[in-house]
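Q: Mind docking chain B on chain A? Use the hints.
Here's the letter readout for the chains.
Number of protein chains: 2
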Amino acid sequence: MDQVNVGLCGLGTVGTGVVKLLQSHADEIKYKVGSEIQIKKILVNDTKKKRDVIIQPEWLTDNPEELVNNPELDIIIEVMGGIEDTNLLLEKAIRNKKHIVTANKDLMAVHGQKLLRLAKENNCDILYDASVAGGIPIIRSLTEGLASDRIQKIMGIVNGTTNYILTKMTDDELAFEPVLKEAQALGFAEADPTSDVDGLDAARKMTLLANLAFKMEIGLDDVEVSGIRTISQEDITFATSLGYTIKLIGIASIHNGKVEVSVEPTLLPKDHPLALVKNEFNAVYVYGEAVGETMFYGPGAGSMPTATAVVSDLMDVVKNIRLGITGNEYVIPQYEKQLKENDEKYMQYFIRMEVDDEAGTFQNITNVFTNEKVSFQKILQLPSDKEKMAEIVMVTHKISKQQLLNSRENLKGLDVVNEIISCYRVDGED
Amino acid sequence: MDQVNVGLCGLGTVGTGVVKLLQSHADEIKYKVGSEIQIKKILVNDTKKKRDVIIQPEWLTDNPEELVNNPELDIIIEVMGGIEDTNLLLEKAIRNKKHIVTANKDLMAVHGQKLLRLAKENNCDILYDASVAGGIPIIRSLTEGLASDRIQKIMGIVNGTTNYILTKMTDDELAFEPVLKEAQALGFAEADPTSDVDGLDAARKMTLLANLAFKMEIGLDDVEVSGIRTISQEDITFATSLGYTIKLIGIASIHNGKVEVSVEPTLLPKDHPLALVKNEFNAVYVYGEAVGETMFYGPGAGSMPTATAVVSDLMDVVKNIRLGITGNEYVIPQYEKQLKENDEKYMQYFIRMEVDDEAGTFQNITNVFTNEKVSFQKILQLPSDKEKMAEIVMVTHKISKQQLLNSRENLKGLDVVNEIISCYRVDGED
Chain A
1 MDQVNVGLCG
11 LGTVGTGVVK
21 LLQSHADEIK
31 YKVGSEIQIK
41 KILVNDTKKK
51 RDVIIQPEWL
61 TDNPEELVNN
71 PELDIIIEVM
81 GGIEDTNLLL
91 EKAIRNKKHI
101 VTANKDLMAV
111 HGQKLLRLAK
121 ENNCDILYDA
131 SVAGGIPIIR
141 SLTEGLASDR
151 IQKIMGIVNG
161 TTNYILTKMT
171 DDELAFEPVL
181 KEAQALGFAE
191 ADPTSDVDGL
201 DAARKMTLLA
211 NLAFKMEIGL
221 DDVEVSGIRT
231 ISQEDITFAT
241 SLGYTIKLIG
251 IASIHNGKVE
261 VSVEPTLLPK
271 DHPLALVKNE
281 FNAVYVYGEA
291 VGETMFYGPG
301 AGSMPTATAV
311 VSDLMDVVKN
321 IRLGITGNEY
331 VIPQYEKQLK
341 ENDEKYMQYF
351 IRMEVDDEAG
361 TFQNITNVFT
371 NEKVSFQKIL
381 QLPSDKEKMA
391 EIVMVTHKIS
401 KQQLLNSREN
411 LKGLDVVNEI
421 ISCYRVDGED
Chain B
1 MDQVNVGLCG
11 LGTVGTGVVK
21 LLQSHADEIK
31 YKVGSEIQIK
41 KILVNDTKKK
51 RDVIIQPEWL
61 TDNPEELVNN
71 PELDIIIEVM
81 GGIEDTNLLL
91 EKAIRNKKHI
101 VTANKDLMAV
111 HGQKLLRLAK
121 ENNCDILYDA
131 SVAGGIPIIR
141 SLTEGLASDR
151 IQKIMGIVNG
161 TTNYILTKMT
171 DDELAFEPVL
181 KEAQALGFAE
191 ADPTSDVDGL
201 DAARKMTLLA
211 NLAFKMEIGL
221 DDVEVSGIRT
231 ISQEDITFAT
241 SLGYTIKLIG
251 IASIHNGKVE
261 VSVEPTLLPK
271 DHPLALVKNE
281 FNAVYVYGEA
291 VGETMFYGPG
301 AGSMPTATAV
311 VSDLMDVVKN
321 IRLGITGNEY
331 VIPQYEKQLK
341 ENDEKYMQYF
351 IRMEVDDEAG
361 TFQNITNVFT
371 NEKVSFQKIL
381 QLPSDKEKMA
391 EIVMVTHKIS
401 KQQLLNSREN
411 LKGLDVVNEI
421 ISCYRVDGED
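Line by line, the protein sequences are chains A and B. Residues in the first sequence are numbered consecutively from 1, following our numbering. Residues in the second sequence are numbered consecutively from 1, following our numbering.
Isolated chain A, as found in the complex:
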């Protein structure tokens, strides 16, 4: 196989980067994989549009059939985004025995398991390292570098938009709304920021990582998600004064064969490696049985970082074709999905509440926690802005989620507790 022919779906920022990389490193790539990689078709909306990259006019088409039904093509690179239509397109391509490289985490989180299974049936590869944390080779690390290890926990900052917003809120002491507006103006947040800000984007990526790490079929519905809209400047000030940084952290962990996947605002000790990941950067922390702690840090998005990941995947597909080992990406889930119950999820919690500033208040509150066998690592009480009110912030030792839920319920029943203002998990101290 002297030449491998590629069809590219999408010629936006990532697609353009892919074309540039393939052209500028053609010799090196051929040397490394043993075959020449040739782009033959590019699917675009507008074939007449002027492009910022050197392409043959005959490559361009607005007809997807010219890619997915093209017997000349071996591999389809999908960097155009979208879920349902894109899924149909790729299904067709796979049935026509084309290998897939995609940077589309939305698609992979929703249809990934189905597509991977279909690919296996058709002896095709689907590689998707660019879909999680663009420039960081995290999927490659889970499937190759750490292949001979058992993963116990993954903690990730896998959404650049929310990390940018939280960094600005923390470092410049600004509120959520103005920072979001600034991020939108700078292009770090989209006009509709819902998917980023409410944690859905991060949840999709954590699903992909959890599936790989634990070899179970975990879906988006299995992920507990909450976003960063509720985080106030006061929360950040309290967290800082107790030595923590607030980050939106995705956690996927396994214990006794039971899994927990969640994306939530999380307080980390301010010298935890993930606490130092600033602005739009991403990082994924992996705890493996053999290797111990490792962390991968880098740009989560952007044209060239993502293109670098796409081209690396492309090179692997070409190697696999020549090795005759394609179709192995879909590892049949080795284990039945088993999720942790609330009384099996252990974590520390930061609880902030407004209470009546009067004798006996503290006694009443500690009674509630004592009944649930909850003890504390840190407690801070300050006068509130409101008259005759005080604010109490407590950081628990490790307790179960069930203990937390029970305690919150019982606190709400107390007359002296005016409001539970916020409640976040705390991790990274063990």
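It is worth saying that the hints were derived from the structure and are not from the lab. All of these numbers come straight from a predicted model, not from anything done at the bench. For each residue, glycine too, the CB sits at the ideal point set by N, CA and C. Incorrect hints may have been included.
[What the hints assert, rightly or not] Covered, in the sense of this in silico footprint (three residues per stretch, anywhere, with C-beta under 8 Å from a C-beta of chain B), are these stretches of chain A:
#, stretch
1, 129-143
2, 296-308
3, 318-326
A: Just chain B, lined up with the frame of chain A:
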């Protein structure tokens, strides 16, 4: 090729880990590479010694010829250490067409280029990812994940012993000698700590990384090295009060085709990602033209982390054999070696000196720097413990190494300067 036969040189901590991993993940490995990997011979000093791993007695031998001259073996894994004898052994193995996987950075730093060239002539692979930062797939990342990028700078904490010592000196405010003794007692430092403490071990690893990143044949002699023996508790206190952490940092950078490789104590801003790498952990920061900043963090040594890296390399060799693309590891240096001169090396510097506490002293000192066009970012003056003396700490803006050397020379000529106590570079603020 249904089965690949392997000879293992060395059955110490890493060798034992390799055997365990190959046994416990045999099915998975076969699935991933398409061939079964079978250990056939193990070279040990004492064939009678009881081993902590399941092996067939007929595997063991104390005769290296049974490995390097064994027509049955396809791959030799070398995890026994040593330089000259080991080099002769591997040369023989390569001439007998055996592929090599090694964790031996001492060997690779001294004889790597020669061995890689010999391997290329014989169509053999030499993979050595385990030799730099054990559990971190950094060589893999430079050759694969970032293959389609141009590396501009690498900064690394690549020696666990010195990082452990500096962490203890900083966090527990202890002096070098007692911390070294403690590290030796705990097994984090060797009885003869010279190679670690004086920076040679780190220099070897930086040589390997620089060769890969810049495609020039850079030798150990091209690396400027200074170790951590001179760092005092006072240096650390001053650095901390100015917002810095002192780390032993290896730097390999390229500018206009000219390269600089060095290992020196370096002050980093205390929130720089490398400043947070504590104890025996390693981390490598890579700046690539396309990908931007990435960092890889993990354990730098240890049985299972290193074994994980060895087995990953082994799997790659098997794939390469089946692909028919072995012998490609040695990239003929694309560029003539060009090293930066002292007036082309730009860096910030921290200079600490003891001076006469009298009128005109500061004027005299600033005159010296002004003559060399050196300006400052931070200046701190404190009374010294000694009578009529003061200590001055200055952090320069970016200046050339030549400017630094000239300034130091001229300062020594001043009567008011009693001693230049310490001088370290400062990086990570751009």
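Q: Would you mind marking each hint as holding or not holding in the structure?
A: Hint check results:
no., hint, verdict
1, 129-143, "holds (count 5)"
2, 296-308, "holds (count 9)"
3, 318-326, "holds (count 5)"
The structure fails none of the hints (numbered hints given earlier).
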